[in-house]
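The lines below spell out each chain.
There are 2 protein chains.
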Amino acid sequence: MNRLSLTQEFSVPYKYEVFFTENLFEKENTLFKDFIVNFGNKDYQKKVLFVVDEFVAKSHKNLTSQIVAYFNHENFAELMPEILVLEGGENCKNDPRYYEEVIRAINEHGIDRHSFVACIGGGALLDMVGYAAGISHRGVKLIRIPTTVLSQNDSGVGVKNAVNYLGKKNFLGTFAPPVAVFNDMQFLESLGERDLRGGLAEAIKVALIKDIEFFKWIIAHIEELIAGNKRVMQEQIFRCAQLHLQHIASGDPFETGSARPLDFGHWAAHKLEYLSDFQIRHGEAVAIGICLDTLYSYLKGYISQKEAEGVVYLFQDLGFATFHSALAENDKINLFNGLNEFREHLGGQLTITLLEKIGKGFEVHEIDFDLMKKAVDLLEELSQ
Amino acid sequence: MNRLSLTQEFSVPYKYEVFFTENLFEKENTLFKDFIVNFGNKDYQKKVLFVVDEFVAKSHKNLTSQIVAYFNHENFAELMPEILVLEGGENCKNDPRYYEEVIRAINEHGIDRHSFVACIGGGALLDMVGYAAGISHRGVKLIRIPTTVLSQNDSGVGVKNAVNYLGKKNFLGTFAPPVAVFNDMQFLESLGERDLRGGLAEAIKVALIKDIEFFKWIIAHIEELIAGNKRVMQEQIFRCAQLHLQHIASGDPFETGSARPLDFGHWAAHKLEYLSDFQIRHGEAVAIGICLDTLYSYLKGYISQKEAEGVVYLFQDLGFATFHSALAENDKINLFNGLNEFREHLGGQLTITLLEKIGKGFEVHEIDFDLMKKAVDLLEELSQ
Ligand SMILES: NC(=O)c1ccc[n+]([C@@H]2O[C@H](COP(=O)([O-])OP(=O)(O)OC[C@H]3O[C@@H](n4cnc5c(N)ncnc54)[C@H](O)[C@@H]3O)[C@@H](O)[C@H]2O)c1
Ligand SMILES: NC(=O)c1ccc[n+]([C@@H]2O[C@H](COP(=O)([O-])OP(=O)(O)OC[C@H]3O[C@@H](n4cnc5c(N)ncnc54)[C@H](O)[C@@H]3O)[C@@H](O)[C@H]2O)c1
Ligand SMILES: [Zn+2]
Ligand SMILES: [Zn+2]
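Chains D and X supply the protein sequences, listed in that same order.
Under full-length UniProt numbering, the first sequence has 198 at position 198, and the numbering climbs by one with no breaks.
Under full-length UniProt numbering, the second sequence has 68 at position 68, and the numbering climbs by one with no breaks.
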């Protein structure tokens with residue numbers, strides 16, 4: 001009896017679409033309605049609970065009444081009478097009361113595993129609401145409607161959600177793909193300069209590790225990107241989202257291994273967000289993190305000084321600050337604690353992505369602290 | 001631009017083994033060690049954090065010291081110095097402080113996605129610890145070591161975990177398969193009569209809906225099962241676990257549809273657990289729930305009166321109470337609220353499994369309340 005065993009083996013398929021559109025809730029735009037109607041059981045009247053980012057609601061004053069009108073128009077699904085408007089930004093991931101509030105609403109409105117929670121907001125709100133939806137009834141259906149450049153080109157199209165806990169970024173979370181993503185360009189118009197710019201950091205990230213042509217394209221369109229040119233911004237978002245999606249599907253979607261190339265520049269970024277008490281945003285922190293790991297790639301001899309500096313200058317041309325004083329505090333020990341936390345979060349070996357060349361990332365499992373300190377110093381110099 | 005979209009599609013594979021053994025942590029038994037050593041990256045020193053059911057620790061006094069000795073013996077992995085001993089039973093799923101405590105320990109001991117949380121306990125503790133492990137870092141590795149009949153033959157081998165929330169059973173949870181399950185017969189020896197018996201309800205459940213031979217086998221072994229005969233108990237657990245595993249793998253493991261045949265008898269069971277303030281255990285509630293839906297199947301004309309009564313008498317022969325006063329309270333309205341909660345939890349259409357014949361379940365989407373009231377009355381009669 002000692003070696004008796006049964007083996008369990010199965011695969012779980014996932015499929016979702018990322019739509020690119022404008023004016024999602026104008027009556028003429030049937031994209032959202034068509035999706036809901038055609039999803040799953042057609043005979044069953046579906047419920048939709050909306051959660052909206054406060055800043056989005058403030059700057060698109062007609063949004064909630066537009067949603068109500070959109071549902072009234074054809075009565076294709078049951079809109080929950082309560083539309084939750086919640087503070088967006090990192091605070092909604094830091095304070096458990098926010099996801100508890102979403103869970104309360106899921107319960108009160110009887111949102112079940114065949115009903116939808118539709119979240120309209122930045123990456124932080126999407127992460128938090130996705131977490132609440134992911135653990136309620138072991139997962140109710142999530143529709144993401146990202147409203148920042150970063151969430152449209154990166155976080156909103158992926159499979160992860162999370163909240164911060166015990167002072168650690170994304171400590172609690174689940175892998176829970178959405179059932180659909182609607183990227184509506186219209187929302188980006190109310191973004192401030194910082195958030196328009198912030199998302200470009202993730203585009204540069206994915207370009208640097210995966211696609212030199214896209215990197216060159218970004219450099220060729222700096223002016224339009226700064227100005228928020230709609231057509232160029234749209235192309236940037238589409239290409240970046242595509243690279244992210246391809247990467248997730250071709251790799252290890254639920255990250256059972258240690259590899260996480262899409263986290264290029266993120267070990268320092270995550271730590272910086274905390275060290276700055278979330279005064280710098282995710283994209284801004286990622287910009288600095290990329291510069292750091294790019295310079296380290298140069299100091300390690302993988303890429304040339306010119307190439308590395310070119311990356312730093314690109315960020316600066318786009319208006320990013322490429323240094324933050326917290327990087328150097330406490331003789332960089334605070335920063336380096338981030339390496340260990342990053343390893344713990346991923347698990348297993350430390351795995352850091354560096355640049356083999358522009359357009360191609362690769363992984364290392366050790367970081368030379370002295371050299372990384374030099375990279376910090378070099379970055380400080382280049383940023384003066 | 002209006003219909004531009006990208007489609008994301010991938011599958012996530014899962015695989016785990018359910019081992020049947022005795023004296024798992026005796027030095028000579030290398031099953032556990034072999035599993036850890038061969039799992040994933042062999043070069044990486046793995047951490048294991050244990051969480052143990054208080055009743056198990058109390059009745060197997062040497063357990064923790066045996067675990068320490070087992071790890072010291074060959075140093076195949078890093079045992080976390082703190083072995084959490086937590087209250088088992090439904091209360092650990094009702095009170096959020098328990099999973100918060102597990103998450104605290106996961107954080108403090110730096111358990112990462114390549115480290116293990118090993119839980120030794122009944123179905124309730126396994127569910128709660130599985131939930132804590134499932135949301136920490138989006139899922140650290142879970143090893144289940146079930147210590148009740150019910151958890152060895154049913155809950156412990158499956159893919160679900162959960163805690164209760166907002167007064168609702170399993171309201172929060174995730175689908176998160178374990179990396180391994182170790183069913184150690186030795187643990188069952190300290191079980192009280194109620195828990196030895198309770199697990200048999202799940203065996204009868206799966207037999208009734210899937211395997212008439214197994215059903216006949218149970219009837220032929222009533223005496224040995226009551227007496228806790230080791231060989232017979234082991235066979236019961238093995239066959240039942242096998243049926244559960246097959247069912248999960250052949251169907252819809254993460255329950256994206258509405259079908260849940262394994263929940264035969266459970267709509268009433270879940271409600272009864274609450275109505276009795278958890279004075280009756282899951283298996284005991286399931287026994288009553290099965291009797292109810294079996295009688296309803298008879299009243300609907302699917303099975304004969306004799307077959308239906310035979311099921312009730314089988315439970316009675318095994319020592320189960322087949323009625324509970326809460327079933328009839330408030331003119332059965334309390335009970336029927338459970339139907340709606342059950343639908344909500346599953347989502348979509350109400351889906352209830354009935355018996356087409358002994359050994360074969362099938363699904364209906366409507367319940368005739370008057371007839372169900374009759375089934376309650378009939379069950380009360382038969383139980384006097
Ligand atoms: N899940 C993932 O895979 C993943 C990947 C990358 C980043 N993230 C997370 O995403 C978050 C960052 O997201 P973000 O960059 O979108 O920032 P954000 O969500 O923090 O939003 C920034 C600010 O802009 C506001 N805002 C959002 N949309 C607006 C609009 N259209 N008009 C005006 N104001 C608007 C928000 O209320 C907030 O105050 C971080 O928490 C990060 O960890 C997650
Ligand atoms: N995840 C699933 O798929 C699934 C399926 C079925 C049931 N469940 C859940 O499982 C739970 C019931 O599990 P259970 O029947 O194992 O009961 P339990 O976990 O509630 O345990 C009953 C009692 O026995 C004690 N105990 C456990 N092992 C013991 C041992 N070896 N010796 C002495 N005492 C011991 C416990 O401390 C507890 O007090 C319910 O919460 C139910 O919802 C989950
Ligand atoms: Zn990022
Ligand atoms: Zn059960």
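Any given hint could be a false lead.
No distinction is drawn between identical chains; accordingly, a pair holds when it is met within one copy or between any pair of copies.
[To be verified] Derived lysine-lysine pairs resembling DSS-like cross-links, with alpha carbons at most 27 Å apart: (1) K47 x K168; (2) K360 x K210; (3) K47 x K374.
In case anyone wonders, no lab produced these hints; they're calculated from the structure.
Results of checking the hints against the structure:
no.	hint	in the structure
1	K47 x K168	between (34 Å within a copy, 20 Å between copies)
2	K360 x K210	within (5 Å within a copy, 53 Å between copies)
3	K47 x K374	neither (55 Å within a copy, 33 Å between copies)
Hint compliance for this structure: hint 3 is the single one not met.
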